[in-house]
Structures are given as structure tokens and as C-alpha cells.
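**Student:** What follows is the residue order along each chain.
There are 2 protein chains.
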Amino acid sequence: MTNPTLIEVTRGPLLESFHTGALAVVSATSGVLLSLGDTRRDVYPRSAIKSLQALPLVESGAADRYGYGDAEVALACASHTGTQQHTKVAEAMLAAVGLTEADLGCGRHPPLGAKAARELWRTGGEPTQLHNNCSGKHAGMLATARHMNLPIEDYWHADHPIQQRVLEILCQLSGRDLGTEVMGLDGCSLPNWAMPLETMAEIFAKLVSGKGVDAQRAAAFRRIMQACWAEPDLVAGPARADSVVMARLPGRVFIKTGAEGVYCGGFPEHEVGFALKIDDGTTRASAGTAMAIVEHVLPEAVGLMHRDVLKSWRGIEVGTIRTAPALTQALARLNLS
Amino acid sequence: MTNPTLIEVTRGPLLESFHTGALAVVSATSGVLLSLGDTRRDVYPRSAIKSLQALPLVESGAADRYGYGDAEVALACASHTGTQQHTKVAEAMLAAVGLTEADLGCGRHPPLGAKAARELWRTGGEPTQLHNNCSGKHAGMLATARHMNLPIEDYWHADHPIQQRVLEILCQLSGRDLGTEVMGLDGCSLPNWAMPLETMAEIFAKLVSGKGVDAQRAAAFRRIMQACWAEPDLVAGPARADSVVMARLPGRVFIKTGAEGVYCGGFPEHEVGFALKIDDGTTRASAGTAMAIVEHVLPEAVGLMHRDVLKSWRGIEVGTIRTAPALTQALARLNLS
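Quick note, the sequences are listed as chains A and B, same order. For the first sequence, this note's numbering gives the first residue as 1312, with consecutive numbering after it. For the second sequence, this note's numbering gives the first residue as 1312, with consecutive numbering after it.
This is chain A alone, in the form it adopts within the complex:
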């Protein structure tokens, strides 16, 4: 099955590039509302489900025990840009459980954010594991391991009880028996289990609405969303789509990007979740598709992210990034009111 084009990139009078992909929108009460492309193939959700990987931190009581507030919980769900604001929270999360940067297993890379990277080099710094965009997720897992008296070495291994707990939660939420035949490793070396986009969208529909999950889980995810809405810059970074949208529309939309063109999210008032994957893995297309969905469901979001014009380095408009007809038409048929 060939997926439809979701995003087009024009230059001058011509279509220069295009991005195919698949998208599912699912209601917690009415089932699949929109299925565009192959939404039943297994797809790694990557960082788009960091909020699910953070559930053990909240559900185990670790977050409460160590006094983690909105900032710490938000960072546990983050793909952050590596600013000092981010690294300080990650460091504090570790310090609260008697650990340091050296205990992280995520590996080091320069800050994702261009400004943060420039600032680091300017001041003579070197990237540490705290700068890794996943450092909050890893710090949260270490705190959970501490709280549960589990070994902290190799907490990132797929067979460690922390990862097995994440797997158990994903199996519960998806209703699927996820095994090593659909397991890959993320860039931060944590296991990631593939599932269909329809399933991911259904999980987010349940979690943002609290319908179809037990009260404890609904409360835990509510706390996670509230943390991200309260500290949106910690989830990504200044001017990043996830941060901007959640800062401006708290309580109304929860969204999260993932590597290789994945995006997930949901709309609590509509009890609806979505999940999408761009075939080629490009973020410009996954972000463009996610923003098109958000803008369709919440017209207040129009204009928050200026994604449509491509400019040359001297500022001349040279092209556009726009939604393709297949996506535009599918969204036009999606009526949530």
C-alpha cells in the first residue's frame, strides 16, 4: 500500500519535494474517525510516547516521594533542546535521588537547539549526558528505579524491571502482546516497541480523555499533561512547536514529536487522539502534518507556528511547505464538534 502525500514543498513554480505518510485520528468513544494511508503497519512510536514511558515515575509514587513538581515531570516527557534550563532540572532530578550525570545511560550529544549549542560552545563547555534531549526521561527512570529499590546500573536495558514495566503498560494500553519481534532501540538506547498508528491514536484518545483506562492511570496521565502544560518550554524548548502550542492552548491539546517523522497527541475536550508517521522520517513533514491537525481541531492555533514559507538566506521568499490535497481533504471531512 502506497501512502498518500501529506506535505508538499514548492520552490518557484514547481513542486520540488513531497512527503508521504499515514495518519490516524481515533475517538475514545466512537472509534476510528480518520485513517489515511496504512495505519495498521507496526511503527516505532519513538519519543512521541515519552509521556507513556513516564507513567511508572508517577504511578509508582517515585515522583511524589522525591518531590518532583511540574518541571521534573515535564522534563521526564521531554525531547528538550539542551538549554541550561533543561540541564539544571535534569541534574536536580538526579541529585534528589543521590545520583549524578555519570549514572545516565543516554549518551551525550550537543544540544538540539542551535542557540543552546552556540551558548555551550561560546562558554567553553562540552556536551554532557545532561544535554542529551532524553536526559529527563532517563533521570525519571533512575528515580523510579531508586524508589523501587531496583539496580540502577543498566536501567536502560530492555530486560531491566523499569523497561519491563514500561512494556507491561504499553501492552495494557494497546491490548497487544508486544515482544522482541517489534522492539528497536532508540537513539538514547532505550527499548521502543512498534505498534500501529491506529493503536497509538487510540491510546492517546483514552489517556487524554481518561475514558477506557482505570482511575489511577487516568489521574497519573492527567498529572503528566498538567505538568507539560505548566512547563511547556521544558517539553521541547523556546519556539519549538510542542512548547509553543501547549503554552498557548493548555488543557486543550497535548502533542509530542518523535524521531523519524512520528507525532502523537490528543484533544481532551474532544476525547480524541492522533498518531502519524512520515514514511521518510522527516521532521518538517511530521511537524507540518501535526500542526495542520491541531489547527483544524483548534482554529485558535492558526498562526502560532509559521511553517509555510521558505526563505533564502537573504530573506527572499523562495517556496512553501504546505499540506497536500489528500491531507487537506481528509481533515475537511473530520468534524469533531
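What the hints contain is simulated information worked out from the structure, not anything from laboratory work. Take these hints with a grain of salt, some might be off.
Repeated chains share a single entry, so a pair holds when one copy, or any two copies, can fit it.
[To be verified] In the DMTMM-like style, the derived pairs of lysine to aspartate or glutamate whose C-alpha atoms are separated by at most 20 angstroms in a straight line are:
| # | residue 1 | residue 2 |
| --- | --- | --- |
| 1 | 1522 | 1509 |
| 2 | 1622 | 1465 |
| 3 | 1426 | 1492 |
| 4 | 1522 | 1492 |
Starting from the structure of chain A, add chain B where the hints point.
**Tutor:** For chain B alone, coordinates are given in the frame of chain A:
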């Protein structure tokens, strides 16, 4: 027409992402040898034809007049990484004709190369137009304008005689009447005219072989290729595919990357040119496809670029980037010996 998958990206046991595209391989004497996907659609060649945009610099006599050697001619064909080595040559090219960085029209951006960018920030520098990956191309055009007593302001405008000369050459080489209906602007604000991949491949077949073009043009392009082979690090940068391959196989392969997933090149001894475009514009796929072609035609290139393994930040192998069956099979049928 849906283009075939050329490059696959795996993670764990699954195919995570894939890249579709089109590829043409053309012989100067035997015509089209391979046409995979839609190779007749108009495609912007972008920076993959900087060597053609450098022809007026050599053919007009400007390069000789200003004492430009291999370094200057190579930089005129470059998408460079913005190291000091690159910026110094660009600055010298301008100084030789009494101009400075302020006369460039390419705009400024941080060095493309991560190491060069880090070095710039470390030393308290700010990006100038010399760091723009196209600064050599622009400096060469300014020198040509000086030599021809043309205005130097707005040399980058499509209606300036320098750009019109480039257009004339492209029309001659392509046998096509290229007009504004296929014109777009590059990131450096220069005009770029779209043409089919088959036509681009044919142009490179003619130029690398010297067959089908007049003696003066053949000599000019020979000089351009010799410059790139003599100064390969100036064409891109240390460890970049174009630089590594041309450094190790001078005289045997000429290759150049372009934005939005374009790649062009040729093999002089085989009198063959190629051109390819990845539909989604991704460089990992265009570079992977180009290296697959180079390795097929010149087995000595195998191992020069390690492109096939994806690792996590802590160094664990998590996936692969590999040629897809359609590309592997098409290359297997391509016998140039």
C-alpha cells in the same frame, strides 16, 4: 508515476523509514543506460550543478586574469562546510578583484560543518557571508562580472548578465529552452532552472568525457574537474562524501551533492554521467544512492564512506541505512565495463 524506494532505513527487526526517488545514468555515446523512476519530470538541480555555474568564470578568462588556481576554482564549485580554509579562499577570491565580504549576495548562515561551527562559536566569532556554503560560487561570479566590466550590484539577480550567461550555457548543454516557468531561487538567492534528471545525467556524461561539447568547453570543464580533484576538501569539507571520494579517486569520478536530495556526477573513463533526486529531499538518501552508484562503478570506493550502520548515542548498533532492492537490482543490470 510513483517512484521506487531507493534507500531503506531499518531499526531493530523492522523497516522504519524509506526514501523513494528517481535516478538516470546516461552514456555520452550510448544514451540512457539506466532510468529508474520518473527521470523526465523537471527537477531543480540545485548545488549539484555548481560546476556548470562556474563555467563562465573559466570560459570568460576571469579565472586566468585574476590568477585563480585549483583552490579558487574548486571553491567556486563548492558547497563548503565553512571552515577557515574555505573562508580564507573565498576572501582571497574577492580581494583579488578589489571586493569584500560585503559585496556577496548569498546571505549569512552558520558553518554547515559541526566542527567549523563549534570552532567559530568557541572563538567568539559570528557567521559572515563568507561562511555561507555558496560563498565560493558567489565570489567566482563577482570575479566574472568584474572581468566583463559588468555591474557587481545585484549580480545574483536572474536578469543580470552573469545569470543570463549561466542560463545560456544550461540551454546549450541541455538542448532545452529553459525559462521562468522552470526557474526557482536557491537558498543563496541565485536562480536555478529545473530540467529532467535524464538531461542532467546527459550533461555530465558529455562534460566528464568531453564528447558532444566543443573543445573550449571540454577544456574548461576539465580544468574545473582537475581543480576539484586537486583540492577536494574545498569542494565540501573534511570527511564529507564528495571530498573523500574525489580525494581517493581523482580523475575517475566527479560528484556533487545538491539540496533537496539531488546528486549529480560522472565517470570520465566510462564517459557516463548520473543524476538522481530523492522525492522527500533527504540528504541521507541522496548520499546513500550516490555512494551506491559510485561503489558499483568503481569498487575501489567501497568502504570510503561508512553509511550503513545507525548507532545510538552510546555507540550501540540500532539500525541500518541500506540500498533498497529496486536500486540494488537496477545497479546489478548496469554494466559499464
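**Student:** Pop the pair residue 1522 and residue 1492 into one bin, within, between, both or neither, using alpha-carbon distances up to 20 angstroms.
**Tutor:** neither (30 angstroms within a copy, 54 angstroms between copies)
**Student:** Is the C-alpha distance from residue 1426 to residue 1492 at most 20 angstroms within one copy, between copies, in both cases, or in neither?
**Tutor:** neither (39 angstroms within a copy, 38 angstroms between copies)
**Student:** Are the CA atoms of residue 1522 and residue 1509 at most 20 angstroms apart within a copy, between copies, both, or neither?
**Tutor:** within (17 angstroms within a copy, 56 angstroms between copies)
**Student:** With identical chains treated as interchangeable, where does the CA-CA distance between residue 1622 and residue 1465 reach 20 angstroms or less: within a copy, between copies, both, or neither?
**Tutor:** between (46 angstroms within a copy, 18 angstroms between copies)
Figure legend: structure checked against the earlier numbered hints; hints not met, in rising order: 3, 4.
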